[in-house]
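Visitor: Each chain, written out:
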Amino acid sequence: MFHDLSFRYKIPVRGTVLILITSFAVTAALIFRAYDDLKQDLLANAEGVGRVMAHTLIPALLKDDVWQTFELIRTPLDKELNGQPSFQADSIIVLNNDTEIYVASDPFRFPMLTPLANASVAYERLEQFLSSNASNHTEVQDLPGTDSLYVTSPIISDNVRLGTLVMSYPRASFTPRFARFASRALFATIIALSILVPLSWYWGVRMANPLVQLARCMSRIGQEDPAQLHCELYESKDEIGQLAAGFRKMLGELKEKQVLEKQVIAAERLAAVGRLTASIGHEINNPLGGMLNAINTYRRYGQLDEMTEKTVSLLERGLLQIRDTVSVLLVQATPTSRHFCIDDVNDLRTLITPDIESKGISFEWIAEIETLPLSATLVRQILINLLLNAIKATPTGGRVGCHIAAEQATLVLNVYNSGEPIPKDRMPHLFEPFVHYDAEGSGLGLWVCYQISSQLNGHIQALSSEQETRFTVMIPLPT
Amino acid sequence: MPILTRRHFIYSCAAAIAASRVVRANDNPVRIGITPVFLTDLTSTLRIWQTYLEQRISRPVLFVQRDTYREIVNNLLAERLDFAWICGYPYIAHHQRLRLAAVPIYRGQPLYHSNLIVPKRDTSTRTITDLKGKVFAYTDPDSNSGFLVPRFRLLKAGLDPNKFFRKTFISAGHRNAIEAVSAGLADGACVDGYVWDTLARFSPDITDQTRLVKQSPSYAFPPIVAGPAASPELYLHLSDILKKMGKDPEAVVILDRLNIDGFGSGQSSDYNSIGEMASALGELHHVS
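First to last, the protein sequences are chains A and B. Take any residue in the first sequence, note its place counting from 1, add 98, and you have its number in the working numbering. Take any residue in the second sequence, note its place counting from 1, add 900, and you have its number in the working numbering.
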């Protein structure tokens, strides 16, 4: 379940878990360290007290002064003198060398001259320990199964052992101090967490957002048209930024590919139409030639009455019209000896000038070429078709331009005009034959331009916007 | 324990400052020894009493306090002290060299008792003979009520006082013996009945932990005596001042704190019963 969670939650949750683990580990380490220090400090202190007291007790023990001994061991326990220290011995016992109680701070619990073992199980353990380990130093006895720590100090006068001082410190007396420290540490941890956790959520969400954005955008691919796909993506040089940049590049290439595919499809369709028309044209031309020959022969040798003459003429005109149409369809880039030159350009200009002037159109004409090794007839045909179309499409007072240039072994022809843009739904079928949107045209002008360009290994493209409609023809120069 | 050390330091500083106000030996003061026959830790009361006596005797007064009767009595006999408030037992032991200056009047009489006390939780003890094999606290080896009386009782019962108890110790004072019993350090003690009553009045929390088992017959109250060092004039002067305290309104506070009615005169024969007990125990010639 966590596996499928969005990074928007995954990153902050992971951050929070890390922070929690770290804080609690650090706090726990601190607390345990503090507990250890506290214990060491208190025990060192207790050992000091034990040493001093054992020393102080020597005169009293030498004189067998029970009362003085009692007063001495009772003083550290006097609540009026000491207030309420958190770590205090709960009982102090002076043992003789037989581990019998000589004097204890609480005589009811530890009656005089009774074995220490009689007091409790814990003291029985202590007695066993002391009988087998008579140390000459003050020590802390941390015996298992006892609820107190015992500080034992030998009472030694001039190398003679008089007895042993036992101070009992309940383990529980560590607890209040420890609890105070632990609660402080926990409080500090909670404050730190209350800052760190929201911060980690904020950073986590900030880190995840670009990824989430990218993922959301990617999921739209395939469902929406790449050309229409617009995503706000994270900009940076980090990995996510690189990913976004890569994605943007991919999206751009996808769009380009789509355009190319459309162009390829259109080109293939036009090529297919071209082949079809060419074969139909040839199939028509053969019988057509025969029929026209037959009419000629019939005219030459026959005496025709008026009625027949009328009919034959009608047939002949019809057949001629078919031949004209077919010949236009069968665009043949027939090789010609004459090359396209600046004179052809000037001729064209002269040809269209009356139309330009009659519509009051402003005309831009840029032609900087030398003689090019291309058929003058064919290039002229392209230019005249495009220019006439442009003039026709331009409203009175509009603008028409023609730019002819040779760049890098390519002839580039640009013909453009102002006026209504070509509707988008017509653009894909622009170069198909008999597609005319104007009652006067034959619908073959652009078809012819396309066929000529294709046959010269060039291509033609149309761009139309509110500002202008532009046709560009590019024809490579033969080497 | 650092706190304790600091406190002790402060206390000793305070004691040093207080001591600096105390009369010096070269001021030729009247030296009065005091022993634990009364509650000697009534320091403020002693100060007032000291001032009271100084005003009336027109000489500096120095109270000298020691834990044992023997030290005070030795100092008295060695003329290092002029007067002392001591137990009847050392008095009768040295009555040839000491003069009775005044005897406190307690509850209308110059008499007191020895009280046998046990810890409160001991509900069975009816007499001292029930304490066989127990731990017993003697107040002072020169004390009548805390030493002679219990030992005499055992002797009269045909028992050996030296072997009867498992363990005995000297508590150096009646108050300490009462505390030893109340804390359970000792299983029993015989204490000055006047001290026990006074402690019950001022610190009932201590006496509440003890049970009064038996009260002895009455004995003459521990007296204030003059040593060989006190001139007859000084002896009479101080004796007179003490005996008038009972009627002096200015002494009311002192007497109230000492928990006595005043001071009267006494006869050395009043203490004979104590001397007889000491003789019976074979103690008399041991008292130095």
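Since the hints were derived computationally from the structure, they do not count as laboratory data. Honestly, I wouldn't trust all of these hints.
As the list claims (entries may be wrong) - Below, in silico cross-link-like pairs of lysine-lysine (DSS-like), each with a Cα-Cα straight-line distance of 27 Å or less:
1. B/K1056 with B/K1114
2. B/K1032 with A/K161
3. A/K108 with A/K335
4. A/K335 with A/K360
5. B/K1056 with A/K161
6. A/K347 with A/K335
7. A/K161 with B/K1114
8. B/K1032 with B/K1114
9. B/K1063 with B/K1143
10. B/K1067 with B/K1056
11. B/K1114 with B/K1144
12. A/K177 with B/K1063
13. B/K1020 with B/K1032
14. B/K1114 with B/K1147
15. B/K1144 with A/K161
As the list claims (entries may be wrong) - Partner residues aside, some chain B positions facing chain A, computed with beta carbon under 7 Å:
16. Y952
17. H995
18. R999
19. G1008
20. A1083
Claimed, not checked - Here chain B is said to cover these stretches of chain A; the calculated rule only asks that three of the stretch's residues, wherever they fall, bring their Cβ under 8 Å from a Cβ of chain B:
21. 237 to 246
22. 330 to 342
Since this is a predicted model, take the numbers as computed values, not measurements. C-beta: ideal position from N, C-alpha, C; glycine also.
Visitor: For every hint, state whether the structure bears it out.
Guide: These are the hints, each one checked on the structure:
no.: 1; hint: B/K1056 with B/K1114; verdict: 16 Å, holds
no.: 2; hint: B/K1032 with A/K161; verdict: 24 Å, holds
no.: 3; hint: A/K108 with A/K335; verdict: 23 Å, holds
no.: 4; hint: A/K335 with A/K360; verdict: 35 Å, violated
no.: 5; hint: B/K1056 with A/K161; verdict: 30 Å, violated
no.: 6; hint: A/K347 with A/K335; verdict: 15 Å, holds
no.: 7; hint: A/K161 with B/K1114; verdict: 31 Å, violated
no.: 8; hint: B/K1032 with B/K1114; verdict: 16 Å, holds
no.: 9; hint: B/K1063 with B/K1143; verdict: 44 Å, violated
no.: 10; hint: B/K1067 with B/K1056; verdict: 20 Å, holds
no.: 11; hint: B/K1114 with B/K1144; verdict: 34 Å, violated
no.: 12; hint: A/K177 with B/K1063; verdict: 37 Å, violated
no.: 13; hint: B/K1020 with B/K1032; verdict: 18 Å, holds
no.: 14; hint: B/K1114 with B/K1147; verdict: 34 Å, violated
no.: 15; hint: B/K1144 with A/K161; verdict: 43 Å, violated
no.: 16; hint: Y952; verdict: 30 Å, violated
no.: 17; hint: H995; verdict: 29 Å, violated
no.: 18; hint: R999; verdict: 33 Å, violated
no.: 19; hint: G1008; verdict: 33 Å, violated
no.: 20; hint: A1083; verdict: 6 Å, holds
no.: 21; hint: 237 to 246; verdict: violated (count 0)
no.: 22; hint: 330 to 342; verdict: violated (count 0)
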